[in-house]
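J.: Here's the letter readout for the chains.
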Amino acid sequence: MTSTPRAVTIVGASLAGLNAAEALRRDGFEGPITLIGAEDHPPYDRPPLSKQVLAGDWEPDRAALTDAEELQEDEIEARFGLRATGLDLDARELTLHTGETVGFDGLVIATGARCRTMGGTEGLEGVHVLRSLDDCLALRADLEAAPQRVLVVGAGFIGAEVAATARGRGLEVSLVEALPTPLGRVLGDEMGQVCAEVHRDHGVDLRTGVGVDRIEGDRRVERVVLSDGAVIDADVVVVGIGVIPNTEWLDGSGVEVDDGVICDASCLVADRVTAAGDVARWPNQLFGETMRVEHWDNAAAQGAHAARRLLDAGVGPLMPVPWFWSDQYDRKIQLAGRVRPDDEVRVVNGSLDERRFAAIYGRAGKITGVLGFNRPRHVMRYRALIEQGASFDDALAAEF
Amino acid sequence: MRIVVDFDLCESNAVCMQIAPDIFEVRDDDFLYILNETPGEADRVRVEECVQRCPKQAISIAED
Ligand SMILES: Cc1cc2nc3c(=O)[nH]c(=O)nc-3n(C[C@H](O)[C@H](O)[C@H](O)COP(=O)(O)OP(=O)(O)OC[C@H]3O[C@@H](n4cnc5c(N)ncnc54)[C@H](O)[C@@H]3O)c2cc1C
Ligand code: SF4
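Line by line, the protein sequences give chains A and B.
If you're matching positions, the first sequence starts at 1 in the numbering used here and goes up one per residue.
If you're matching positions, the second sequence starts at 1 in the numbering used here and goes up one per residue.
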């Protein structure tokens, strides 16, 4: 039997967790709200970490999502620097890394994801991942020390942004991607090729279809050996090879985990427990498909949805059209929908040569996605068509 | 309540327009226009949602 919680505890104090807390207050929830987060900082925004903050254009405080005063005003009890290590659903208790146990009534799981790392590089200075503010500041300090060459492993969105920001600082950059085209498995080869050309146009030494064999150096990284035998001297290495959802603390709790916390269509995990953000996997009924989405917009919206679901069993399924942006050089790249690399792709506005265009994706007669290079308005218009389940032909005929 | 948009940050992605089309509009020139800079208290919840959901944190509310 499901009842309405009188108090809500949120584990994970980042975008999804904060949006959960704030949505509860906006909706007039008056019970206690506790926000528990492993990081020492109050919630901050991650996208600027590979863009403005890394570039040195923003000081870190500009990325703050809130501060102690605002949290206090909203009567959100903030407990930072505390990691949950266990969950007992029957006793309705959390265990923290300090050994403390904390009772809860309603619970939102919002522990996000962490970077995948490359084995064998532990302790080697100059090798970075980029997820947290601390990661960003460590990498920024290394970029400011005028390195000879920055090597980025993985040309996904984060890797691409780091490469672009490092080039913007006038540094020499190598970008190594195991796939034949960057983002080929997401955008398909044709559009992946456009991304590749953007990097090359900006003077990045892009190597595709090649892996990293070894990262070498004494105390500090000195060189990277690629699978084709090439050796690249580099004194800063950034590994951007994807993320892993933070679910280990749920082991043995009975919460089902399979590359993310398994939720129902409304984000419910168990009685009075929901999940949101990068950690949550749920069936998105709009697409008839189970997904875990690693985008800003989803974490914000799902955080609010998961919180509301706790209070009101009438809150229905979450069915967004996933959408994200990536800023690289002077391009604003946006993708909405669920595209597959073998979908049909058509440019519907602008041109690939100018790198200003909107392209739509289609499969089985339906529009599945839209990719924009500096075409934000078009992306939103086509996103609405995807939401309506429009046919590919109708989308092709639409004029915006 | 007065709506302030930092146009250096805004990238015209129309997230705000989806929430409050009577207040925000992204036009064919790809710029964001504020249709009603001083909405009434009845709109506060929606405007706050726009502030929250703007991925560029470009919108703020001035109380003057
Ligand atoms: C550098 C970078 C750039 C990005 N740029 C973009 C972009 O341009 N566009 C876009 O759409 N998206 C972007 N993203 C993705 C976006 O930031 C994420 O989707 C979003 O942060 C997910 O929010 P979340 O709250 O679900 O998880 P997270 O932000 O991962 O937060 C989870 C929080 O939970 C904490 N935590 C983990 N385990 C525990 C535990 N056991 N106990 C307590 N706390 C715990 C973590 O320390 C963390 O603070 C970017 C991400 C990064 C890292
Ligand atoms: S949501 Fe923010 S970035 Fe997007 S159009 Fe509105 S103000 Fe601009």
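Hints are computed from structural coordinates only; laboratory data are not their basis.
Keep in mind that this is a model prediction, so the values were computed, not measured.
Beta carbons: idealized from backbone N, C-alpha and C, even for Gly.
Incorrect hints may appear among the rest.
[Said to hold, decoys possible] Some residues of chain B that are not near chain A, with every Cβ distance over 10 Å (derived):
(1) 1
(2) 14
(3) 22
(4) 26
(5) 35
(6) 36
(7) 48
(8) 60
(9) 63
(10) 64
[Claimed, not checked] Footprint (simulated), chain B over chain A, 3 or more residues, beta carbon under 8 Å:
(11) 18 to 32
(12) 296 to 310
(13) 325 to 336
(14) 377 to 386
J.: Look at each hint and say if it fits the structure.
T.: Hint by hint, here is what the structure shows:
1. 1: It holds; residue 1 of chain B is separated from chain A by about 15 Å at its closest Cβ, greater than 10 Å.
2. 14: About 4 Å separates residue 14 of chain B from the closest Cβ of chain A, which leaves it inside 10 Å; violated.
3. 22: Check passes; 17 Å lies beyond 10 Å.
4. 26: violated (5 Å)
5. 35: holds (16 Å)
6. 36: holds (20 Å)
7. 48: violated (7 Å)
8. 60: Correct as stated: the minimum Cβ-Cβ distance to chain A is 13 Å, above 10 Å.
9. 63: holds (14 Å)
10. 64: holds (19 Å)
11. 18 to 32: Coverage by chain B holds for the segment 18 to 32 of chain A (3 residues, Cβ < 8 Å).
12. 296 to 310: holds (count 4)
13. 325 to 336: holds (count 3)
14. 377 to 386: n = 3 at 8 Å, threshold three: holds.
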